[in-house]
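Participant: Residues per chain are reported as follows:
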Amino acid sequence: MARAVSQRRKILFTVAAWSVGVLIFFPILWTILTSFKTEAQAIADPPIFLGFDWTLENYSAVLERSNYGRFLWNSIIIAGGSTLLGILVAVPAAWSMAFVPSKRTKDILLWMLSTKMLPAVGVLYPIYLLCIHLGVLDSKIALVFILMLINLPIIVWMLYTYFKEIPSEILEAARMDGATLKEELLYVLTPMAIPGIASTILLNVILAWNEAFWTLNLTAAKAAPLTAFIASYSSPEGLFYAKLSAASTMAIAPILILGWFSQKQLVSGLTFGAVK
Amino acid sequence: MATHHSRSAARLMMAPAVVLLLGWMLVPLTMTLYFSFKKYLPLRGGDLGWVGFDNYVRFVSSSAFWPSVLTTLTIVGGVLVITVVFGVLLAILLNQPMWGQGFVRILVIAPFFVMPTVSALVWKNMFMDPNYGLLAHLWEFFGAQPVEWLSQASLQSIVMIVSWQWLPFATLILLTAIQSLDSEQLEAAEMDGAPALMRFAFITLPHLGRAIAVVLLIQTIFLLSIFAEIFVTTGGAFGTKTLTYLIFQRVLESQNVGLGSAGGVYAIILANIVAIFLMRIVGKNLDK
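Protein chains in written order, with the working numbering: chain L, 1 to 276; chain E, 277 to 564.
Bound-form chain L, shown alone:
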């Protein structure tokens, strides 16, 4: 009897959860579907859900006409470059805070977090001006640095949280066995730290890929990444739903896939370890 009831409850919850899930995902699904329609079918009344002539013409049109490759390349360089640079700076810092903590470690961590709270618009003009003076307005290098800096607190925090979980007994044991500092770093700590570093990289690539304040304000024709490319569709002449959908699908697909892998790390990463 109890089994039958819980089975019925399970069916009920499954139906409810799937309905809500599909509803929330629907705008993305609709975008993907529209990207395979012709422009006429994309604005058909009543709307066509699945019974349309599937076509790839929008993808080839976007790829041919709009230099999509260059925007994609800019996104890859900016997201990848800022993340790698951030990791290079953050690993030693997080490492030393986790393994050689001092009285000030907590204050430094909280101070780093506080720099993340600085509203971008409050420093928009100074950064804009500095970019002009350094001749790096509309350049990838400027965005690599800026996105590295805005995400650095998150990178340090995530790495610190991971490194903290490496038990120090293991280090002591290695030292007792006569491991030198170099051996300790290379053979004991690094293998244990790699999963943490990998998920930090993943989350930060996502954040940098989607960043849409600095990328919109500091780029024009040369260094614009996909965020700015998509924004250019907001002009009236860009009202081609099927092509907009194809461009959008290509811009979000890689990050959707990366994101689904990183959903666990997302929680501790974005709450600075306050929720695990």
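Hints listed in this document are in silico derivations from the structure and should not be mistaken for laboratory results. Just so it is clear, the structure is predicted and the values come from calculations on it, not from any experiment. The reader is advised that the hints may include incorrect statements.
As the list claims (entries may be wrong) - Computed cross-link-like contacts, DSSO-like style, restricted to lysine-lysine with a CA-CA straight-line distance of at most 30 angstroms:
#, chain 1, residue 1, chain 2, residue 2
1, L, K116, L, K106
2, E, K560, L, K264
3, E, K560, L, K103
4, L, K116, E, K560
What the hints assert, rightly or not - Covered stretches of chain E, as calculated for chain L (at least 3 residues, CB under 8 angstroms):
#, stretch
5, 282-289
6, 381-392
7, 503-510
8, 520-526
9, 543-549
Every residue gets a Cβ at the ideal spot worked out from N, C-alpha and C, and that includes glycine.
With chain L's structure known, arrange chain E on it following the hints.
Facilitator: Quick look at chain E alone, frame taken from chain L:
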């Protein structure tokens, strides 16, 4: 067993990150403060000298200021209420026994990974367009007059778009928190005959308190500076000009740097008030 030697090595390893962040904070901040006390119009005469607190007074007394504060509060408040209420409900739903839980999670979390310009444009064109949008078709299907969402109900539309983006974040964090709830406690309460609503109000909700606080604070920080969603939908028209957008327009569109910088200082102060509360919660967690 930190020796003196390893301490100085640790300091050296920390130095690049600390120096970079210090520079990132201090240099632009000092410049913003400096400009905020000047009449500075790069395209119309450049630096026209010191003006004291003039910019601060003028920014607050301009006719656009209070509406922008109200707009900001409406958007932030609206999104927070929607994401937390539905986030709690969704987290509870997703925590129930069901088939394909992992897959539903993937569907629900997806909007968070969509870049802001894409979600804003997809909603604007394919859903909220009064002629071709899906919502217009839906309205017509029920015999209603299609709504011109982004001009007639502009604020509600923005709140909806941004809520769609942030609901996954709230849900995911609250779900993580719910999963750490001791289920024995709930079962004991159920055996004692406590109805579901009471169990929710006296066990689940208090347990979620801290996670909700974290969601509220982190989202507030991000929501105070939403930009792309307004930039590509209304461009600040139809009463959707937030404080962030107003400052952006002053600084880059009308190139009144002094005035915009004073606005920037206000935005920084506002963000810091929220930040203090967030830091307390995070700081407490560090001691554990």
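Participant: Indicate, hint by hint, whether the structure satisfies it.
Facilitator: Status of the hints after comparison with the structure:
no.	hint	verdict
1	K116(L) / K106(L)	holds (16 angstroms)
2	K560(E) / K264(L)	holds (22 angstroms)
3	K560(E) / K103(L)	holds (15 angstroms)
4	K116(L) / K560(E)	holds (18 angstroms)
5	282-289	holds (count 6)
6	381-392	holds (count 12)
7	503-510	holds (count 5)
8	520-526	holds (count 3)
9	543-549	holds (count 5)
In summary, the structure agrees with every hint in the numbered list given earlier.
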